[in-house]
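Visitor: Please put together the full structure from these sequences, using the hints given.
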Amino acid sequence: MSGGEALLGVPMHIRDSSQREAPENVASITRSADFEQLALPLLPSLYNHASWLTRNHAEAEDLVQETFSKALRAFDSFQESTNFKAWIIRILRNTFLTSRTGIATSRTVFLEDHPHVLDTTDASPTPEDNLIRLDNQGALQRALEQLEPPLREALLLCDVEEVKYKDIALILDIPIGTVMSRISRARRALRQLLQPQLGESQ
Amino acid sequence: MTQAIEHLSPDTLSAFIDGELPTGEQEAIERHLAGCHACALRVLSATQLKAATARAGRRYAPPPEALARLTAQLHHQPQATTRIRSIRRMTWVGLAAALLLAVSLIGWRQIHETNSLSAELLDQHLSTLSSGAAPQVISTDRHTVKPWFQGRLPFSFNLPDTQALPPDTTLKGADLTYLKGQPAALLLFTIHKHQVSVFVTQRSAGPNLITLPSARSGFTIHSATTHDLQIVAVSDVNPADLNALVAVLAQVQSSS
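Those protein sequence lines, which keep their order, are chains A and B. The first sequence: position 163 = 163 (the numbering used here), numbered continuously. All you need for the numbering used here is the position in the second sequence, starting with 1, plus 1000.
Each hint should be verified, as a subset may be incorrect.
[To be verified] Derived pair list, reagent style DSS-like, types lysine-lysine, alpha-carbon separation capped at 30 Å: (1) Lys-1180/B <-> Lys-1193/B; (2) Lys-166/A <-> Lys-85/A; (3) Lys-166/A <-> Lys-70/A; (4) Lys-1146/B <-> Lys-1180/B; (5) Lys-1050/B <-> Lys-164/A; (6) Lys-85/A <-> Lys-1193/B; (7) Lys-166/A <-> Lys-1146/B; (8) Lys-85/A <-> Lys-164/A; (9) Lys-164/A <-> Lys-70/A.
Derived from the structure by calculation, the hints contain no laboratory data. In this text, all values refer to a predicted model and were calculated from it rather than measured experimentally.
Guide: Below is the structure:
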């Protein structure tokens, strides 16, 4: 636990006389001060990710709120050496999955690597690889909305939250190879969704 | 064995731009890219898509009210974990505070409808007594408390040394608060086991404290002004002791 002490923002002399009868109080207060320090900077990220999952402001706020209280209760099981961001996003996601929206979403069958999608894995470069417009933020957002949720989730964790594959695997509870193929599929799907724009007369 | 690299497969390309490939493979691809214009273009395009996704995906910012609620939730979490341990003391304090509040409410209604500031001060003092939530900074040391306010308040103030405080007066912690919509430092002291709330505000921006009554509902309110600060203390301790604390706090402001 001495490693934990060093991380605490509050110096040791907080153990003043009024706290003496309950040292556990001080420990849990500083522990949760610790939690606050770790969680506060992630608030915008968690809210953004929660909004992508729930697609609703009020639900996103509730989800983050529930995540904070669950995470604090479980904070003793958090190991200092692990990635706090991945740890708390995993809690957020598991909380989402047990919500009504989450249950409804998970009913949709997602085909992991369906044969049809595999036919695009031909390695030779196609002109479409390069021909997409990225200057239109709105179009990209609409394309992201159209992605299948499991693909979108993996891609957002990678590109927006900058979580490493091994931690995404932990968050989504899938093998690292699946993380890799979902992200790759998500990008190919985005390209396809962004394609027709060029074809349509504008 | 030069296993000549074919054009990059989409999965490899994707993992490559994410920096997720083992070093050996990463280097092999870099060599391939040096000679393959088509793949180099694909890598460039993939990198652009990644950057654009990062921008487009950062789409939902919490509305100010939601942000405030969630931040407040994080601040007040300590209470949840300490609840079991200190429930008995908190019940007692809460009961006493509720009683005080009830008595004082009757008092306020009748006499001081107008002076809402002293009501707010007393309210805040009572809520620190009754909530049982730990202040954000728990420390007896001015060297911890003072820097904590940096960046949280649009002004700065000095705190006296422990030895400079009047006898049996202890700094317990501090919190950030608002008085009449202006940010204020809330310093928590005890004098002979009586809780004291001291509010420090900016003189120019803060509410005018000079007109405050010196007592309200059995609590003493003492204030002092310095060149640019206003200091006001609320407690049920005897007025002379409270005055001594306020005097020390006011004095230390000019001594830097």
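Visitor: Checking each numbered hint in turn, tell me which of them this model violates, lowest number first.
Guide: 6 and 7
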